[in-house]
Amino acid sequence: MLKIRDLVKVYPGPVAALQGISLDTAPGMFGLLGPNGAGKTTLMRIIAGLLEPTSGAVSFDGADVVANPRDVWAQLGYLPQDFGFPPHMTGEAVLRYLLKLKGVEAAAGTKQLVAQLLERVNLAHAAKRKVKGYSGGMRQRLGIAQALAGDPKLIIVDEPTAGLDPEERLRFYRLLAELAENRTVLLSTHIVEDVSVLCPRFAVIAGGRLVAQTTPAEARAAVAGTIYEGGVDAGDLAEFEARWRVTQAILVEGRNRVRVHVPDGGPPDGFAPIDATLEDAYLVLMREAARQREGAA
Amino acid sequence: MNIGRVVEVGRHELAFTVRRPMLWVLIAILGLLVWGLSAGGVTISSGDSQVGGTEAHITSQFSQALTLSITILTLYGFFLAVAAGMAIIRDDEHKLGEILHATLLTPAEYVWGKFLAVMVAFAGVVAAHLSLAAFFNHALADAASAEYIGPFSLANYIVPALAFGLPVIVFLGGVAFATGEITRRPILVFLFPVVVMFGTLSFLISWSPDWLDPAINRLLMMVDPSGYRWLNETWLKVDRGVEFYNSGAIGFDAGFILSRIGFILAGLAAVVASQRHFARSLSGTPEPGRLSRFGQAIAGRVWRRSRDAGAVITVAPTRRPLADLSMTTVPVGFFRTISTIAASEVRELLTRPGLYLFVPLIMIQATGNIVTSVAAFDAPALLTPGAMAGQMLNTLNLLVCFLLLFYMVESLQREFSTGFAPIFYSTPARTRAILMGKALGTSLVGVVIVGAMMVLCLVILLFQQLAHGSPVALSAWPFIVTWGAVLVPTFIVWCSFVLAVFGLTRNRYTTYAVGIVAIIYTIYRQVFSDGLTWLTNWLGWSAVVWSDMGLFPLNGGPLLWNRLFVLSLAVLLVTLAVNWYGRRDHDPQRIFQRLQPKALLWSVGRLLPALIVPLGLGISLWLNVESGYQSEGQERLQKDYWRRNFATWRDSKQPGPEHVELDVELDPARRWMRVEGTYRLQNQHDVRLDSWAMTPGFTEELTWTLAGEEFEADDRAGLHVFDHPLDPGETVELDFAYERFFPKGYNRTGGGAGEFVLDAAVVLTSFGPQWVPMIGYLEQVGIDEDNSFEPREYPDDFHEGITPNGFGLQGRPYTTRIRVTGPEEFQFNSVGVLTESSVSDGRRTVVWESDHPVTFFNLVGGRWDVREGDGTAVYYHPEHTYNIDEISGALDAARKYYSEWFYPYPWQLLKLSEFPALAGYAQGFPTNITFSEGIGFLTKSDPRSQAAFMVTAHEAAHQWWGNILTPGRGPGGNLLSEGMSHYSTLLLTEQELGEGHRIETSKRFEGRYANGRRVDSERPMVKIDGSRPGDNVVTYEKMGWVAWMMMELIGRDQMLTGLQEFIATYAPSPDYPVLQDLVATMRPHAPDAAAFDAFVDQWFLDVVMPEYRLADAAVEAQGDGWLVTATIENIGTGSMPIELAAVRGVRFPELVEEADADADPAPYLEARSSVTLAGGESMTIEFLTDFEPETLIVDPDAIVLQLRREEAEADLTTN
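Protein chains in written order, with my numbering: chain A, 1 to 297; chain B, 1 to 1215.
Extracted from the complex, chain B is given alone in its bound form (with noise of 0.2 Å):
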C-alpha cells in the first residue's frame, strides 16, 4: 500500500466531504444542541432539586458522556452513514471507477483512503462538537448557570468521546462504508443508521425491567453502540449522589472496554470486507461461497443452451419494414399509468435486498417493544389484539414513514440516476399519473409491512395461546380498524410531501434532511414541547388509545376529521407537487416571471380546489380544538380561577359535607350528564365562618339553591363565593343542578382522560369538579411552570393537635345517596350499597347508598359482566377473563384478611369495576375500586410475577389504608395510603402464595426503589410531601419495606395488633394520622423500645440504605461438616442485624419456570448465621453446615431493604 497514495484519495475525499453543506447543517444542529443544553436542562438525574441544593453538573464526565453517546447515536448517525457510505456509490454515478482504477491505485489504497478521509471530516466534526459545547459551557456561563456548571476538565470532554464516540463513529461509519461499496445501493446506507438508531433508542437503551436477568442485562450492554445503557445501568441508575457525578471519573469494567473495542474492530472489519470485495470486482472475481456457484452453474447452462440454439449476437439484418408490426398508438389512461407505474415499482422494490433486511428488522423492533411491554408495578403485559395494535401504532408509524421516505425519494431519483429520465419523461404519461403511481407503489410497502406485522402479531398470539395456554382470542379487527384509520392516510400524506418536497428541491439530499427533521420535529413537539393539535398531528401520533370496551371511545370524531383532513392535504401536495415537479427543466427567467404577482395569483387560483378542502377541513379542526375542554381559552380560565383566588381562598376554612345527595341522569352515546344534587354542609370547625366557597368546575348552566332559596353566588373566576355565615356546628343545604357534556368538544391531541362520559363507558369522581362541585379553592387549577411554587414547607409538630385529611372533600365521613339513571344495558355501580334497581322505558335507574360514611365517592357504568365472590363483586369486560379468577381471588382475599389483620370491612359489598384504557390507573373509592382495563385485567399474570393479585391486593388494600383510616393532609400522611396498601400487598402475597412470592415481590419492590430514588434530594420518610422527584418510590416501595421491616423487628402480633389500635383510633378521629402518629401508636407495641427508637431513628427520621458485599466466600469440609467462611462488608448506610445463609437446591421449586425446572430438583437444604453491620463495617464470619453449600446469600427472606442485592450473593469455591 502506497501511504502517499492513500493521503492523495483522502485529501480529495476530505476536500468533498468538508464542502458539502450536510456536515455543516451537522455541525449548526450540533451548536444549536450544546447551546441548549448549557441550560443544564438535560443532565444526570441526580441532586437536589430544591432552591439552594447542589446540582448535577452538566460538565461532569458522567454527564458529558450520557449527552455525548445519545447525541452520536441520533444526529451523527445518519450524516455519518450518507458520508461514509456514499463515498463509493458516488465515485460509481460519476463513472470515475474505471478511470481510477487504470492508474496505479490499488482497491486497498482506494477504500481506505476515503474511509480515513471520513473518519477525519468526522473526528473534526467532533472536535467542533466538543469545543463549541466547552466554549458554551465555560465561556457563556453566567452567575445563574453556576449551579450546574461545573469546573472546566479537558477530560470531561475526551474522555466520553473516545469511549462512547470513537466506537460508535467506526462502527457506522465502517458498516455504512461496506454497504454502499457491496450494494452500491443508497437506501440501505441510508437506512441502516436509522434502524440501528431506533434499535438502540427503543430497546436497547431503555428495555430494562427490575425482572430482567442479570445477563441478559449485560449482554444487552455489551452489543449497545451507543454505551449509553452500560453508562446508565452501570453508574446511573441507582443515584450515587450529586458529589460522586460532579468530581468523578467514569470507571470503565472490563466488559465495557472490550464492547467498545469490539465496535471498532466490527467497523474496521467491514472497511477490510469492502477491500476485498471491491478488490475483487475490479479483477472480476466472482464471489466466493455456494450462492455465487450455483450462480455461476446456472448462467454457464443457459450460455450452452444458448450456444447450442445458436441464438449469440447473429447479425440478421431485416428486410421487413416497421410497418409490418402494425404499431398503433391509443391515449395513455390515467389509471392505467398509476397501475403501471406501481406494478414497475413494486417489482423494482422486490429486487431490493434492502426490503427483505429493513422489514423484518420493522418488524422485530416493533414486536420487541410490545412483546417487552410492562403493565403497572412492571408486570408484563398480557399480549391481546388491540393491545398489540394500540401500542404498536407509533412505532409502526415512524418506522414505516422513514422507510416510505427512503424509498420515495429513491424511486424519484431513480430516472435520474440512471439516465433514464430523458425517456421517461417524455413519454405521454401524465406526470400526476407518474407520481402517483410512484407513491402507490412506495406506500404498498408500506401496506405490505402492515400486513405483515398483522400477521406476525397474530402469529404470537397464537404462540401465545398453544404455548402458554393464553386465553386471548385472534382477532385481526383491532389491527385492521386501529391502522387502517391512522397508519393509512399517514402514509399517503407522507407520500405526498415527500413528493412535493422532492419536487421542489430536486434534490435527493434535502430532500431526505426535510423529511428527517419533518418527522423529528413533530415527535419532538408532540412529546417534548407544547404538544400537537388535531390540526397538526399530521402523523396521528399517540393520537389514540385502544380499548376493548369501544371503538375509540374518546377521540373517535377528532380523528374522523383529522385523516380526512390529512387525506385533503395529501391531494393538495400532490397538486404541488405535479406543478412543481421536474419532469421538464424549467428556465429560471421564466420561474421569475411566474412569481410576478398576476402570475402568482393565477396560480394560486388554479391550486383553488385542491386548497378548499383541507382549508375548510383544517378551520373546523382548529375551531373545534380552540373550543374544546383543553383549548387555551380553559386555560386562560383555569388561570384567571388561580389569579383572582389563590392568595385570598387558599388557605381558607371551609365547612364539610354531612351528607350528598345526587340525582345523575346519563346518556354517555351522547356525553350528556345533568347533575341535580344537594350538600347538606355543616361547619366543622370551632369559629364562625362568614363565608364560604364551592368550585363548580366551567359550566354555564349552574343553580344554586341555599337552604330552600336560590341563591346567586359571587362568581370570581370560577369559584362561588357565598356569604352566608355558619356557625361552628351549623348546617346548611346547598343544592346545585347543572347539566354539561362531559367531556366537552375535542381535546388538544388525542390520548386518553381521567374521567369521562363515553359510549363505551362512565367514571366519574368526586377528586375534581367535573362531575360535582368542590367545596372551596382548588390549588392545583391553573398552576403550570409560569406559577408554580414551592412546596408549603410544614414544622416538625405539624401533626400534633387535629390534622385536616388529606383525601377528598374537606371535613369528616360523610353519608352519601346517589341515584343514577342512564340506558339499560349498562350497568352503574358507586359507593355502598345498592338500594333500588328498575328499569323503564329503556332507561335503567339504580340508587346507591353509603351503608357507612365515606370521604370520597365515584360513580362508574359499563357494559359488564360480573363475578359474585365472598361478599365481593368483579364487574369486568366479557371478552377480559384473562385473570378474572386471579383478581376475584385476590380481592375475596383481600377482604378476609384484611379485615382480619386490619379493621373489620365496614360496608356490605366490595365492589371492582373494569373501564377503557383511556387512563392507566386503579383507583379505591369506598366499596368501589375501578381499574383502567390494562391494570390486572389485560396483565400478564404468570406463576412468578402474580400480577393481576398484586395489583388487586394493593388496591384492596386502600379500602383500609385511605378509606377507612384516611391519612392527614402534610408530609408522611400519603405513606400511610399507598406505601401501607404495598405493606398490605405484600402480607396478603405470602398468606395466599407463599413466601416464595412474597420475597419476589419484595425484591421487585425493592428494585424500583433503587432505581427510582434521588440520592441527595431524599428526605426522611417523616417529611415526604410528594414534591420531589423519587418520592414516589419512597411513598410507595419504601414505606411498603420499612413497614415489613418493622413488623420483622417487633413481630408479626404486635405489628397487627398496633395497626389495629391505629385505625380503631384515628378512623373515626377528626384528626388525620401522619406517619408520625402511626410511629407513636406502634411504639408500645414493640418488645424492645430501644431497637424500635433506634430503627424509627434511622428508617423514618433519617435516610439509610445498606449495601452488602461479599468477599473471599470459601467453604472446606471440616469433620462430618463444612466450614463456611467469607467477609461481608456494608458499604451503604445504615444498621440492620442481617443474616446470611449458606444454600444448595432450590428453595422455591414453584417459581422455577418450567423450561428450567428439573423433573426432581435436589432438595433445599440451608444453614444461617447474622450479623449486625454498621455503614462501612467489615466483618469475617465462620460457621459450619452439614452438607456442602454451593452459594452464600445475603438476607436470604429479603427482611431488609438494600441496594444491588444481587451483588451480595456469592457462589462458595471449594479449598
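Okay, chain A solo, but in the shape it has when bound (with noise of 0.2 Å):
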C-alpha cells in the first residue's frame, strides 16, 4: 500500500509544486492524471525516492520513504519521464549492468534473462547496438524493459507511452496491465486514454493539488448527459466560448466542431448530446479546477 500524507514541495523561486497531496494506492494499476506542470513528475520522482519533499511523508508497505528511500528502491520499478543511457553501451549491456544493481536474478541465467526482457519489448534485434544509435521509441522500450526486470513491488512510470508507436503502446498496456495483477503500479500521464485503457482509480492533479480521485466509470458518469456537440464557424468561437463551457473546439474543414459541457438547462442551438468520455469528465475537471484557483485567486 502507498500512502502519501501532506506531501509538499516547494522549489527554490519559490514555486509550490506539490501543495499538500494526499493519496492512498492499494496494489494494481493507479493512474495519475494531469496537465503539464500540475506537479506529477515531482510527485513521482518523491515516490521514487529521487526527491525529497519539503514536507510531508510517503510511505510504501510501510517503509518512510522520505526517511529511507533505500526501502523502495529495493522494490522499485520506475521509469521516469525523462531519461537517457550511457550512450557508448549496447541496449544489452545497459540491462545487465541493471540488473546487477538491482540484484535482478533468474534460473536461466542473466544473459538469457536480458535476452528475453529485450524480446518481451521487441528489442532483441537491437541488442548488440549501443544506445546512441537507438531511436526515441527504442529508448523508450530500454527504458520498459528495465522497469519490470526483477519482480518490483512497486512500478513508477512516468508518461511511458511518449514517443511508442500504436502497436508498441499496445503491448506495452498488456504488460503493465499483467504487472498490476499483483502489485501496486503507478501510471502519470497527461494522455487520458493510458488512464482509460488500464487504470482501474486514477487521481487528477492540477497546480500541485489533488483535484479527483476516483474510477474512469464514476468519472464518465459524472458528465453523463452534459456533453453536447455541435458545430461552431471560426469567427464565432470566441463569443461562443465566452458563453458556453466549451470542452473542445477542433476546426474541421474550415468549421469548429465544438463540445460543450452544459451542467444545467437546455444545450446550444445546433447541438446534440454525445456520450460522455474519459476525456470530457477530465476537461470538465480541469476547467472546474481552473475556475476555483482562479477564484480562490
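Hints are computed from structural coordinates only; laboratory data are not their basis.
Only a predicted model underlies this, so the values are computations on that prediction, with no experimental measurement involved.
Glycine residues also receive a C-beta, built at the ideal position from the N, C-alpha and C atoms.
If a hint is listed, it holds; no wrong ones were tucked in.
Here are some of the chain B residues that sit facing chain A, going by a computed Cβ distance under 7 Å: (1) Val332; (2) Thr340; (3) Thr351; (4) Phe420; (5) Pro588; (6) Gln589; (7) Arg590.
Computed beta-carbon distance windows for the label pairs: (8) A:Glu167 - B:Thr103: 32 to 38 Å; (9) A:Asp82 - B:Arg590: 22 to 28 Å; (10) B:His586 - A:Gln19: 16 to 22 Å.
Computed footprint of chain B on chain A, listed as stretches where at least three residues anywhere in the stretch have a Cβ under 8 Å from a Cβ of chain B: (11) 4-13; (12) 46-53; (13) 60-73; (14) 84-98; (15) 175-182.
Relying on the hints, combine the two individually framed chains into one complex.
Structure representation (C-alpha cells):
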C-alpha cells in the first residue's frame, strides 16, 4: 500500500509544485492524470525516493520513503519521464548492468534473462547496438524493459507511452496490465486514453493539488448527459466560448466541431447530446479546477 | 557565409561566455597575479641585486614577454579550452543542434560564429589583464618600487601580447574547439590544455643542457607554443645587461615569426577541420578515410546478414506472461556493487579515445624528463630503476592526479549528462558502493598508467643494456615500492577528495576548479612557499628520495604514517561524499533544518568513527613534525642563538685546535650516536683571550671538562662561553661528551639531508655542530630572510698581513685521532690512516689517525665493496659498479699527476666513499672524499662526456686546492679551491683523455659560465665572495678557465712551477692565501711581465668577455693553394690574441658518436692564423692553405673564454 500524506514540495523561487497531496493506492494499476506542470513528475520523483519533499510523508508497505529511500529502491521499477542511457553501451549491456545493480536473477541466467526482456519489448534485434544509435521509441522500450526487470512491488511509470507507436503502446499496455495484477503500478500521464484503458482508479492533479480521485466509470458518469456536440463557425468561436463551457473545439473543414459541458439548462442551438468520454470528464474537471483557482486568487 | 548570422551566433556565444563565472574567476586570478607581480618579485635575471644597483624593470618589454608567455599558457589554457571546446558540446547536451540547423544557419556560420566569440571574449580578458598590469605597475607604483618600474610604454604590453599571447590563444582555442566538436568528449577538451601546459613547462621550456645540439634547440624553440624557450635561449639565457633589457625592444627573428604564424594557422586550421566535420555530421555523410570505409563495409555486412535472417524489427506480440521469466531479486551486495560499477567504469573508459591519447602523452612526458635528466656539472644521468622510480614520482603524481580528476568528475557527471541518473540512482545499490566503484574504476586508470610506466621504464633499461651496453640490472622492485607507497594512497585520497567536492557542489566545473586549485596550491606551497609538512603533504610531493643503499632511509617512518593518514582521510572523504552526494535532490528547507545546532551535532557525531582515525594520525604527525629537527621550535632556538650572540661574538678571536681526539659510538639502526672527545686548543693569536666559546649544537645531555675538571660553561642560547683566559701560545684540553639521535625525529616534509646517522649509511662532518662542537660563533645559524645582512665589504688590501683560513675550524692545521665503533657489517672511513681495526661481539672498531695535519675532518660509514688502486681506494655500494673503473682510474691519475704538478701528496691513502643520494654533493675531505651516489656513481659516463672522470678529477683536486692549500677567508678565497680544482680537472682531462676531451670540457664550463653569469652584478674575480647571483659560475667555471688562459699565456711549465711555489709557500703558513696572493706568486714566472699584468688587469681586476663574429667567410683557389678570407669582429669586451683555423675533416674522431661516425673519416687538415682584437674592433684576415678548407673556426683549441662560441664558426663558401 502506497500512502501519501500532506505532501508539499516548494522549489526555490519559490514555486509550490505540490501543495498538500494525500493519496492512498492499493495494489493494482493507479493512474495519475494531470496537465503539464501539474506536479505529476515531482510527485513521481518523490515517491521514487529521488527528490526530497519539503514536508509530508510517503510510505510504501510501511517503509518511510522520505527518511529511507533505499527501502523503496529495493522494490521499485521506475521509468522516468525524461531519461537516457550511457550512449556508448549496447542495449544488452545497459540492461545487464541494471539487473546486477538491482540484484535481479533468473533460473536461466542473466544473459538469457536480458535476451528475454529485450524480446518482450521488441528490442532483441538491437541488443548489440549502442544506445546512441537507438530511436526515441527504442530508448523508451529499453527503459520499459529495465523497469519491468526483477519483481518490483512498486512500478512507477511517468509518461511511458510517449514516443511509442500504436502497436508498441498496445504491447506496453498488456505488459503493465499483467504486472498490475499483483503489485502497485503508478502510471503518470497526461494521455487520458492511457488511464481509460489501464487504470481501474486514478487521481487528477492540477496546480500541485489533488483535484479528484475516482474511477474512469465514475468520472464518465459524473458528466454523463451534460456533454453536447455541434458546429460553430470559426469567426463565432470566441463569442461562443464566452457563453458556454467549451471542452473541445477542433477546426474541421473550416468549421469548428465543438463539445460543450452543459450541467444545467439546455444546450446551444444545433448541439446534440453525445456519450461522455473520460477525456470529457477530465477536461471538465480541469476547467472546474482552474475556475476554483481563479476564484481563490 | 552570411556575416549577419555569424555575428548573431557569435553574439549569443559571447553573451554566454561573458556571463560565465569562470571568465570572471580568470580575470580575478589574473588581477591578483599582476598585483603580486607588481611587487617586483618576478623579472629577468639581470641587473645588480645589491642595494642601490640598477635592477631589471618588470615593465620592460622583455619582462612583460617573460611573464606573459608563461601566464597565458598556464592560466588561460584551461579556461580557454573549456570556453572553446565546450561551445558545441554544450549545444549538443542541450539538444539545440537540430533546432538550430533547421534554420538557414550554415555549419560555417555556426562554427566560426562560436569560435570567434570565444576569441573575442579572451581578447577582452587579455585587454583586462594588460590594463590591470599597467594599472598596478604604473598607477599604484610608489617610491619604493621606482627601482624596478620603468616608464610606461604601451608597446611593452602590446608587443608581447601579440607575439606571445595571440598565437597561443588561437592555437589552444582552435585545437580545443576542434577537439570538442569532433569528439564531443568534454574530458578531451579539459585534458588537452593540461597536457600542453605540462609538456611545455617541464620539457619544452626547461630542458636545455649545455650539450644540446643547437639544431635541436632551434627546433624546440619553434614548437614551444608559449614562445618562452625562444625568448630565453635567444635573449635572456646569456645576460646582456640590465640596460639592454630595460630599454630595448625584442628583436624577432624569421624563425620565431614563422613559428608564431604557424601556431595561429594551426589553430585556424583546426577550426576549419571542425567546420568540415560538423558539416559532414549534419548531412550524415560518413567520414572519409580508410577506417570509415572499413567500418561501412562491416556495417553493410551486418545489415545484410540481419536482413537475410529476417531479424529486422518484426513486431511479434508475445503472449507469454512475465512470470515465465522466473525473475527473482536478491539483496545487492556491497562488494558486488563495487565490482559491477568498477567493471562498467573500466569498460566505459576503455572506449574513450582520450585514454589512448593522454596515457601515452603522460608516459612520454614522464620518461622524457628522466631520459633527459642531468647529473652533476650537467652530465647526463645514468638510468637505473631506482633513479627512474624516484625522479618520475612527482611528474607521475601530478599528471595522473590531473587525469584522475577529469575522469572522476566525468564519471560522476555521466549519469546526469546522459539522463541515466533517475534510473541508475533508483536502484537499490548503496551510494557508498556506487561511489567506491566509480573511484575504483577510475583509479584503475592510474594503476594502469603506473603499471605501463613501469614496463616502459624496464624496456628503456633493457634497451640501454642491449644498445649501449649499460651494466644496470633490471629490477621492478624500486618502482613497486616507491610508486606503490606514494602514488597509490595519493590516488585513493585524491579520488575521494574529488568525490566529496563533487558531492558537495554537484557541479562539474566547480569541482574542476577546486581540484586544480588544490593541486596547484599544494605544489606552490611545497615549492615556492614555506613548504608543506608531513601533515599537509597529501600528494607526497618530493617526500622521498630513492637510494639504492637503503629503502627510504631517512623518511620511511614519516612516510608510512603520512600515507596511513592520507588513507584514513580518504575514508572520511568518502563518508562525507556519501552524505553529500546528490543521488537524491535535497530540499533546501530541510538542508537548513539540518544546519540547526542539534542536527549538526548529530551529523558530526555520525561522522566520528570516520573522523577519529585521521584526527589521531593527524595529531600524531603534527606533534612529530613540531618536535622534529626542522620544527619551528628549532628555528626559534637558532634565532635566539643569533639574537643573543651575533653582535658580541661574530668577530671574536677564538683558539684553534692543535689536536682533535674523538671516540664515536654509532647505532645506525636507531640513528643514535655517542661522542666523547677532546680538543687540545691553543691560543694562536698574539693577544690574550679572556674568554672564548663553543657551539655544540642544541643538545641536552652535554658535559664539558676543561683542563681535567668538569666545567659549567655559560650557555648563551646555544653558544657556550668559557671564561678561561688563554695567553698567546697557551694550550688547554677541552673534553666533551654527549649522545644524541641524528637526525632527531621527523623533518618537515621529506626530502634529503646532508649529514646523518642512518641504517643505510653514516655521514658526519666537521662543517657543522651536529657531530662535533664548533669553535666560536657560527655566522649562518639563525639567519633567514628577516635578519639576513649585506655581505661584509673587504678593503682592496685585506689580504695583506695574516689572513685567516676560509674553511674548517679556526686556526692552523691540526692532527686528529678518531675512534669509531659501530655494527660489524659497516665500514667506517675518516681522515688519515687506519691504525687499528677489530671486530668483537658484532661491533667493529676502527681508529683513523691523521698522518699529516688537516683543516677539517669527516666520518663516513656504509656497507661497501672496495676497489683498491695505486694508493687509492674507492668504497662503493656493491651494485654501483657502472663507473667504478673510470672513478678509480681518475683517482689514481689525480693522485699521481696532481702530486707531480702541484705538491707531493702528504698522506698515505686517498679514499673515495659513496653515500646515499639523500644529498647530491661531493666533498673532498683530507684523504676521505665522499660522493653522493647520484654524483659519479650514477652518472652516464659516455665517451663524449666522461662525466665520472670529470667529477672525480674535480673532487680529488680539492686534496690540493682546499686541503693542502686551504684558502683564506674573504673575496677570491674560494676561487682557489673550486676554480683551481676546475683548472686541475682540465689539466687531468687533457693528460688522461686527450686534447679533444679537454676542449669539450672547457666548452661545457664556458657554457655554464655564460648561462649563469649576471652581467650587471658581476664583479672582478678578486672581489668574488659568493654573495651575489652569478658568483657561483665565476668561482668555478670562470676561474678554471682563467687559470687555463694564464697557463697558455705564460707557458705550462712556468705555470706549474709557479703553482708549486704557491702551495709550498702558503700550505704551512698561518697566512691563508686569496686570489691576489696567487697572482703575486705567479707574476715572476711570466716570461712577459707586461703581458701578464695586462692579462691580470682584464681577467682578475676587471670583467671582460670577448665575443667573436665572422662575416664574409670565403675560400678561393689561388695557385696551388686556397686563399681564405673573412672579417672577424670582437663584439664583446677584452683584448686577447686569438687563433683562427681553416679546417677540413674530423679533428677528434673519438668524440664522434658511433652512429655519426664514418667508417673511414677523412683526414683532418687545418691551417691557422691569429689576430688580437680589442672589444669593438674588427679585422679582415687572409691566409693561404694547401687544401680546400670547409670551415673557419675561431679559437679552435678553446683557450680564450668567450660568449656564444657556436656563432664564431662559419662555413667557407667557395668563390
